[in-house]
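Novice: So the protein sequences, as listed, match chains A and B. The first sequence begins at 420 in the working numbering and counts up by one. The second sequence begins at 420 in the working numbering and counts up by one.
These are computed hints drawn from the structure, not numbers from a lab. All values derive from a computational prediction rather than experimental measurement. One thing to keep in mind: the hints can contain errors.
To be verified - Label-pair ranges, simulated between beta-carbon atoms:
no., chain 1, residue 1, chain 2, residue 2, range
1, A, 574, B, 616, 36 to 42 Å
2, A, 709, B, 763, 44 to 50 Å
3, A, 709, B, 577, 27 to 33 Å
4, B, 432, A, 577, 52 to 58 Å
Claimed, not checked - Calculated cross-link-like contacts (lysine to any residue; reagent style SDA-like; alpha-carbon spacing at most 20 Å):
no., chain 1, residue 1, chain 2, residue 2
5, B, 707, A, 612
6, A, 707, B, 736
7, A, 449, B, 704
8, A, 703, B, 701
9, A, 703, B, 477
10, A, 552, B, 422
11, A, 703, B, 708
12, A, 707, B, 707
13, B, 707, A, 705
14, B, 703, A, 705
15, B, 707, A, 709
16, B, 707, A, 702
17, A, 703, B, 428
18, A, 707, B, 704
19, A, 707, B, 623
20, B, 623, A, 705
21, A, 623, B, 708
22, A, 703, B, 506
23, B, 703, A, 732
24, B, 707, A, 736
25, A, 703, B, 623
26, B, 703, A, 735
27, B, 703, A, 467
For every residue, glycine included, the Cβ atom is placed at its ideal position computed from N, Cα and C.
2 protein chains.
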Amino acid sequence: MIDEERVRGALEGVRHPESGRSIMELGMVKDVSVEGGKVRFTLALPFLDVPVRDQLARDAKEAVEGLEGVEGVEVDVREMTQRERVHFFSVQEGATPEGRANDIRHVVAVMSGKGGVGKSLVSGLLALALREKGFEVGLLDADITGPSIPKMFFRRPKRPEGSHDGILPVESGRGIKIMSINLLLEREDEAVIWRGPLISSAIKQFWRDVLWGRLDYLVVDLPPGTSDASLTVMQAVPLSGVVLVTSPQELAGMVVRKAARMARRMGAPMLGLVENMSYAVCPKCGAKIEIFGPSRAEEISRAFGIPLLGRIPLDPRISELCDSGSIEEYPLERFAPIAEVLVRRASD
Amino acid sequence: MIDEERVRGALEGVRHPESGRSIMELGMVKDVSVEGGKVRFTLALPFLDVPVRDQLARDAKEAVEGLEGVEGVEVDVREMTQRERVHFFSVQEGATPEGRANDIRHVVAVMSGKGGVGKSLVSGLLALALREKGFEVGLLDADITGPSIPKMFFRRPKRPEGSHDGILPVESGRGIKIMSINLLLEREDEAVIWRGPLISSAIKQFWRDVLWGRLDYLVVDLPPGTSDASLTVMQAVPLSGVVLVTSPQELAGMVVRKAARMARRMGAPMLGLVENMSYAVCPKCGAKIEIFGPSRAEEISRAFGIPLLGRIPLDPRISELCDSGSIEEYPLERFAPIAEVLVRRASD
Chain A
420 MIDEERVRGA LEGVRHPESG RSIMELGMVK DVSVEGGKVR FTLALPFLDV
470 PVRDQLARDA KEAVEGLEGV EGVEVDVREM TQRERVHFFS VQEGATPEGR
520 ANDIRHVVAV MSGKGGVGKS LVSGLLALAL REKGFEVGLL DADITGPSIP
570 KMFFRRPKRP EGSHDGILPV ESGRGIKIMS INLLLEREDE AVIWRGPLIS
620 SAIKQFWRDV LWGRLDYLVV DLPPGTSDAS LTVMQAVPLS GVVLVTSPQE
670 LAGMVVRKAA RMARRMGAPM LGLVENMSYA VCPKCGAKIE IFGPSRAEEI
720 SRAFGIPLLG RIPLDPRISE LCDSGSIEEY PLERFAPIAE VLVRRASD
Chain B
420 MIDEERVRGA LEGVRHPESG RSIMELGMVK DVSVEGGKVR FTLALPFLDV
470 PVRDQLARDA KEAVEGLEGV EGVEVDVREM TQRERVHFFS VQEGATPEGR
520 ANDIRHVVAV MSGKGGVGKS LVSGLLALAL REKGFEVGLL DADITGPSIP
570 KMFFRRPKRP EGSHDGILPV ESGRGIKIMS INLLLEREDE AVIWRGPLIS
620 SAIKQFWRDV LWGRLDYLVV DLPPGTSDAS LTVMQAVPLS GVVLVTSPQE
670 LAGMVVRKAA RMARRMGAPM LGLVENMSYA VCPKCGAKIE IFGPSRAEEI
720 SRAFGIPLLG RIPLDPRISE LCDSGSIEEY PLERFAPIAE VLVRRASD
């Protein structure tokens, strides 16, 4: 007679074509049930949209069909939860999950597609707002060729210390753990002239080889574009969700919609939209000036069915604080409600 | 007796390790002279900073030393002129220079390193200003994942037409020839989720397989960052020079300095610096507001020894024109002097 144990044993022999590891070890097999000669199980994929999907389902099905006493096999396919994904990726990358020093509960990526709309500002303020709420927070600067995070947080950044277990992130004044390529360069304006594979491997190292320790939230500041860096983060890091940043210009909106489509295609949940540079206030007469035109944030958030988390004005004081490494002095009232919603949604 | 002809013959056999083509055919050998048994010639390299430099010089030297009657060989190394580079790259890529329909006199890349500082705006206005002066102008949008050019120039862009010789660029109202990935997509907000090699090959196709025809100037709008797209443009396109764009924020300045270092390392001449978003004017009271803080453009231009070409204010009208595909209606007075200087410098 066929039983669950024998089904599991057969599936143990099915290997993921990319890593060569067993789909059982990778945690891809769920809900095995046997009724008479009928076998049913679920194949959980890190993302639904992976090229190996059909092959894996076929391999798994055939492995079970080969067992004596099996009369029919039904395979359901679903996407992994965030926790399942963490397990999948750490096994796939060869890290031993039990031996890992890092224990990161939620990873939130800040994305835009377009440059210069304030991703780094939103990443920084989000990290700060979460820290203010008493969480352990990390900030990973995934913009390898145009990193902004260290400049915003430090007057004179310390160099990250290394141990034989990995690199230690640098702590900000308020205790946010930060890692950025610019912390590792001799000069802050040194150019990093790297093609995609190097960019990707740097990001993977920042995720895997940095000793983040126990974090409630890791905020990832993505570079503009929908190429290597964003792809690597979405494929290799188990994201709880993505925060999109836009500016009122329709031109920016178009590029942000590209980013949203990418996030959707990669199966990364979208937590919400922040509009930056929404308006400026004239310091002389108090007039509200819509420098980049009227807001289109409502429109974008409706189109993608995601909440508009907030609108941040253009404020010379922000530039000043960012330029002098004092972003931690920025008054957070305007940002606290944004963090509030994010915490709620990321914890869902 | 040794003579120039035999030297040239020996050098014909020396091949460039990357393309396998003869250094004679590539136009790398200049000024061959023979005095008695002493041979002297110049090896012209597309960029001085290429990894094969020493190997090539050694191979060339040894090839001549092997000739009977040669008592000494001296090799001078220098960088190619722009015209020599055009020849080098078209031969290296296997294009037959004589059969090429394209005849492009000057290629100017607009670069920043940082996103959202207005590279596309500067590229567009520069192309326009050159067109106004009566030149034949093309505009190549090298930002594959976040293209802005079509949106700025067209309400409803036409699709590029193809012929068996290649793709025809789309002409703007004022006759600027434009090519961008967004002209080839079904939807303008479709995401282009490509890793570096695909990005690079798209850019090479835009350069090589687009039927630009005879152009006085081709303006190339580079994406942010110092990775694949910028590298490919700097390696595969014979640039007359680079225009750097910055905004007043020191944070932007830092990233722009990275871009400048890259341009310098790649041997691309820097034509000058444009500061965008320098200030806003309150429409109510006329106050000049330095939204991103005081200008640092003078500082950057001094540090790199390049002229400050101009400062463009933040102007809601610009956003409006860019969003509605009407950038060609923007009054060019403020931009004409910038174009003037560029034309002078690019023609040097």
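Novice: For every hint, state whether the structure bears it out.
Specialist: How the hints compare with the structure:
1. In this structure the hint that residue 574 of chain A and residue 616 of chain B lie 36 to 42 Å apart at CB holds, the actual value being about 40 Å.
2. Evaluation of the 44 to 50 Å hint for residue 709 of chain A and residue 763 of chain B yields a failure: the beta carbon distance comes to about 38 Å.
3. At about 31 Å, the beta-carbon gap between residue 709 of chain A and residue 577 of chain B stays in the expected band of 27 to 33 Å.
4. For residue 432 of chain B and residue 577 of chain A, the hinted distance range of 52 to 58 Å is satisfied, since their beta carbons lie about 56 Å from each other.
5. A distance of roughly 38 Å separates the Cα atoms of residue 707 of chain B and residue 612 of chain A; the hinted pair therefore is violated under the 20 Å criterion.
6. Taking the CA atoms of residue 707 of chain A and residue 736 of chain B, the gap is about 16 Å. The hint holds against a cut of 20 Å.
7. Our distance criterion of 20 Å between C-alpha atoms is broken by residue 449 of chain A and residue 704 of chain B, whose separation comes to about 66 Å.
8. The straight-line distance between the Cα atoms of residue 703 of chain A and residue 701 of chain B is roughly 9 Å, inside the 20 Å bound, and the hint therefore holds.
9. At roughly 68 Å between alpha-carbon atoms, residue 703 of chain A and residue 477 of chain B are farther apart than 20 Å, so this suggested pair is violated.
10. At most 20 Å may separate the alpha-carbon atoms for a hinted pair to count; residue 552 of chain A and residue 422 of chain B exceed this at roughly 82 Å.
11. The straight-line distance between the Cα atoms of residue 703 of chain A and residue 708 of chain B is roughly 9 Å, inside the 20 Å bound, and the hint therefore holds.
12. Note on residue 707 of chain A and residue 707 of chain B: the hinted pairing holds, with a Cα-Cα distance of about 14 Å set against a maximum of 20 Å.
13. With a C-alpha separation of about 13 Å, the suggested pairing of residue 707 of chain B with residue 705 of chain A holds against the 20 Å cut-off.
14. With a C-alpha separation of about 9 Å, the suggested pair residue 703 of chain B and residue 705 of chain A falls inside the 20 Å cut-off, and the hint holds.
15. For the hint pairing residue 707 of chain B with residue 709 of chain A, the CA-to-CA distance comes to about 15 Å; that is within 20 Å, so the pair holds.
16. Of the supplied pair hints, the one linking residue 707 of chain B and residue 702 of chain A holds, its CA atoms being roughly 10 Å apart against a limit of 20 Å.
17. Between the alpha carbons of residue 703 of chain A and residue 428 of chain B the distance comes to roughly 76 Å, so the proposed pair goes past 20 Å and is violated.
18. Distance check on the hinted pair: residue 707 of chain A and residue 704 of chain B sit about 11 Å apart at the alpha-carbon level, within 20 Å; holds.
19. Between the alpha carbons of residue 707 of chain A and residue 623 of chain B the distance comes to roughly 45 Å, so the proposed pair goes past 20 Å and is violated.
20. Restraint check for residue 623 of chain B and residue 705 of chain A: the C-alpha separation of about 50 Å exceeds 20 Å, so the hint is violated.
21. Of the pairs offered as hints, the one joining residue 623 of chain A and residue 708 of chain B is violated, with about 42 Å between alpha carbons and a cut-off of 20 Å exceeded.
22. Between residue 703 of chain A and residue 506 of chain B, the direct Cα distance comes to roughly 58 Å. Violation of the 20 Å bound is thereby established for this hinted pair.
23. The suggested pairing of residue 703 of chain B with residue 732 of chain A holds, with an alpha-carbon distance near 18 Å, which does not exceed 20 Å.
24. Simply put, residue 707 of chain B and residue 736 of chain A have alpha-carbon atoms about 16 Å apart, close enough for the 20 Å limit, and the pair holds.
25. Of the supplied pair hints, the one linking residue 703 of chain A and residue 623 of chain B is violated, its CA atoms being roughly 50 Å apart against a limit of 20 Å.
26. Between residue 703 of chain B and residue 735 of chain A the alpha-carbon distance is near 19 Å, which keeps this suggested pair within the 20 Å criterion.
27. For the proposed pair residue 703 of chain B and residue 467 of chain A, the alpha carbon gap of about 53 Å is over 20 Å, so the pair is violated.
Violated hints, listed in ascending order, are 2, 5, 7, 9, 10, 17, 19, 20, 21, 22, 25 and 27; each of the other numbered hints is respected by the structure.
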